[in-house]
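**Student:** The residues making up each chain are set out below.
There are 2 protein chains.
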Amino acid sequence: MTEKQMHSGEDECDVIIRNPHISSMTEDVLYHLSLSSGSHDLQEMFGDIKFVCMGGTPKRMEGFSSFIQKELGIKLPTGTVLDDISKRSYRYSMYKIGPVLSISHGMGIPSLSIMLHEVIKLMYHARCKDVIFIRLGTCGGIGYPGGTLVITEGAVDGLLRPYLELHVLGEVVKRPAVLDKELAEELKTVGEEQLPNYNVVMGKTMCTYDFYEGQGRLDGAFCEYKEEDKMKYLEFLKTQGVTNIEMESLAFAAMCNYSGIKGAVVCVTLLNRLHGDQVTVPKSTLEEWQRRPQELIAAFIKKRLNLV
Amino acid sequence: MTEKQMHSGEDECDVIIRNPHISSMTEDVLYHLSLSSGSHDLQEMFGDIKFVCMGGTPKRMEGFSSFIQKELGIKLPTGTVLDDISKRSYRYSMYKIGPVLSISHGMGIPSLSIMLHEVIKLMYHARCKDVIFIRLGTCGGIGYPGGTLVITEGAVDGLLRPYLELHVLGEVVKRPAVLDKELAEELKTVGEEQLPNYNVVMGKTMCTYDFYEGQGRLDGAFCEYKEEDKMKYLEFLKTQGVTNIEMESLAFAAMCNYSGIKGAVVCVTLLNRLHGDQVTVPKSTLEEWQRRPQELIAAFIKKRLNLV
Numbered sequence: 001m002t003e004k005q006m007h008s009g010e011d012e013c014d015v016i017i018r019n020p021h022i023s024s025m026t027e028d029v030l031y032h033l034s035l036s037s038g039s040h041d042l043q044e045m046f047g048d049i050k051f052v053c054m055g056g057t058p059k060r061m062e063g064f065s066s067f068i069q070k071e072l073g074i075k076l077p078t079g080t081v082l083d084d085i086s087k088r089s090y091r092y093s094m095y096k097i098g099p100v101l102s103i104s105h106g107m108g109i110p111s112l113s114i115m116l117h118e119v120i121k122l123m124y125h126a127r128c129k130d131v132i133f134i135r136l137g138t139c140g141g142i143g144y145p146g147g148t149l150v151i152t153e154g155a156v157d158g159l160l161r162p163y164l165e166l167h168v169l170g171e172v173v174k175r176p177a178v179l180d181k182e183l184a185e186e187l188k189t190v191g192e193e194q195l196p197n198y199n200v201v202m203g204k205t206m207c208t209y210d211f212y213e214g215q216g217r218l219d220g221a222f223c224e225y226k227e228e229d230k231m232k233y234l235e236f237l238k239t240q241g242v243t244n245i246e247m248e249s250l251a252f253a254a255m256c257n258y259s260g261i262k263g264a265v266v267c268v269t270l271l272n273r274l275h276g277d278q279v280t281v282p283k284s285t286l287e288e289w290q291r292r293p294q295e296l297i298a299a300f301i302k303k304r305l306n307l308v
Numbered sequence: 001m002t003e004k005q006m007h008s009g010e011d012e013c014d015v016i017i018r019n020p021h022i023s024s025m026t027e028d029v030l031y032h033l034s035l036s037s038g039s040h041d042l043q044e045m046f047g048d049i050k051f052v053c054m055g056g057t058p059k060r061m062e063g064f065s066s067f068i069q070k071e072l073g074i075k076l077p078t079g080t081v082l083d084d085i086s087k088r089s090y091r092y093s094m095y096k097i098g099p100v101l102s103i104s105h106g107m108g109i110p111s112l113s114i115m116l117h118e119v120i121k122l123m124y125h126a127r128c129k130d131v132i133f134i135r136l137g138t139c140g141g142i143g144y145p146g147g148t149l150v151i152t153e154g155a156v157d158g159l160l161r162p163y164l165e166l167h168v169l170g171e172v173v174k175r176p177a178v179l180d181k182e183l184a185e186e187l188k189t190v191g192e193e194q195l196p197n198y199n200v201v202m203g204k205t206m207c208t209y210d211f212y213e214g215q216g217r218l219d220g221a222f223c224e225y226k227e228e229d230k231m232k233y234l235e236f237l238k239t240q241g242v243t244n245i246e247m248e249s250l251a252f253a254a255m256c257n258y259s260g261i262k263g264a265v266v267c268v269t270l271l272n273r274l275h276g277d278q279v280t281v282p283k284s285t286l287e288e289w290q291r292r293p294q295e296l297i298a299a300f301i302k303k304r305l306n307l308v
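So the protein lines, in turn, are chains A and B.
If you use my numbering, the first sequence closes out at 308, no skipped numbers anywhere.
If you use my numbering, the second sequence closes out at 308, no skipped numbers anywhere.
Treat the hints as calculated values from the structure; they're not laboratory data.
Possibly wrong hints are sitting among the right ones.
If chains are identical, the list can't say which one is meant, so a pair holds when it fits in one copy or spans any two.
DSS-like, lysine-lysine: derived pairs with alpha carbons at most 30 Å apart [what the hints assert, rightly or not]:
1. K302 - K50
2. K96 - K59
3. K129 - K226
4. K262 - K226
5. K174 - K226
6. K174 - K232
7. K238 - K50
8. K50 - K70
9. K188 - K283
10. K129 - K283
11. K75 - K302
12. K96 - K174
13. K232 - K75
14. K129 - K96
15. K70 - K87
16. K87 - K59
17. K87 - K302
18. K226 - K302
19. K174 - K87
20. K302 - K283
The shape of chain A in the complex, shown without the other chains:
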């Protein structure tokens, strides 16, 4: 019997846990989420989740939780407010708004991957079905100005390899960083139809482990290449179909793909990297731009829930 088959019947969970040890554990402590299968009824708490939305900062994901609550018209009981479910972890923030989970993942692949391991297990313990994971991020655009919405069609690493490389028990393991093509297309259509004032593009996302040298910036503590080397490299990325650079999509795609969960990455560009390295637009503009992926995701969720 596979893990997938363990929960049978109508509420069969379709999240694939590729770990035979989980089912024999008397308690599974989701340490970094401050939840546990022993102390919480995870199915009762999270069984209705259909959309797991994630982004870098706790602040942004708190903002998204309020925004999506309003957009979905979800009323809380009198005298209650949304509360950070994982606040005792001091690591990630997590809010539940009806069928939507809004979680922060910090910066970079390792921080994202700790959270994803535990959220995938959370979906499994909660017996969730047909769940979609979406990362709402910020990025640098390659040839696109600030404020552009980029939907990732596939992720590559800093050497343009389309897989996540892991070191497991001293061996190199490779996991394809594949995203759901249909979901990406659907998001692009929603963007084009419902947010006509925004530029929505789709392309390859380069995911790096370093923000400065890893993304060819000239303004880190270390930089041993010239501006012309950087420009030549960024122009090369453009010829390879790379539309944007960020720091999480590779692991996000690989882990969603490996657990059978449909995943999508929607980022807004904060600058066009062909024109510079530093983010210099006013804070109010940055905040407006960062709301754009939220607006797209809200429109998508409302469509899926037949609320429009």
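Following the hints, put chain B in place on chain A, whose structure we already have.
**Tutor:** Chain B alone, transformed into the frame defined by chain A:
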């Protein structure tokens, strides 16, 4: 003229910025710290910093700032409190307590490295001299019970390679993950002499990009090896001198070494990985253990400042 020589005279800064572009920038925005050389007098604000202490969560580093304030006997002006200098970034938290900076770095190498790039530049703009960087962390012990203080003598990656691998403009770059030997020895002596109730050891630290499969855990969303494979691997690590596993020391060591800054890593074990994967001790015990690196660092700073 090298970058190092740019600031001459008695207050010569000895932080090495290996980036010729920085000196020609009219403004350097330290975006993720919410500081800028244009809008802040960084030398006036941070010129007296001698110890930069960092750890994962904002909460822990806020706690350390209060603790070190008390330990150093630093009085704040009436009606003032310590405030998070980087709070507008919503990414890292930073507190200044006399000559000590206390900063959170999040989880994993990418998150740490963004902060280190910017803090190294901050030390350079502030013309700091003889600065020591210390990471206060938590880790899994290899053969050591929870509560053990481990001082890192050198960091290795998940393939036991003693360097940080970066992808820079499509090329693989390797930076030795070397830490200051004398500083590590001094910290060990301080621990043995002043904290005789704690077990203090020194050894090699393995630094991984993944908390679950990367550290041979059996309790992630994915695990395609057996318990005996895991145990064999952990026992092998022990024979190679690996005392503990965490997720930041490799980049910390490589970046300190590359910028000429003396760095040290002091972690407390939360469990002995030869006996399990999940952290199951009570929260109060965990909190007491997490204070141990802080106590060691406080004793070290007091010794260096001749306060004992």
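**Student:** Sort out which numbered hints this structure fails and list those numbers smallest first.
**Tutor:** Going through the list in order, the structure violates hints 7, 10, 12, 13, 18, 19 and respects the others.
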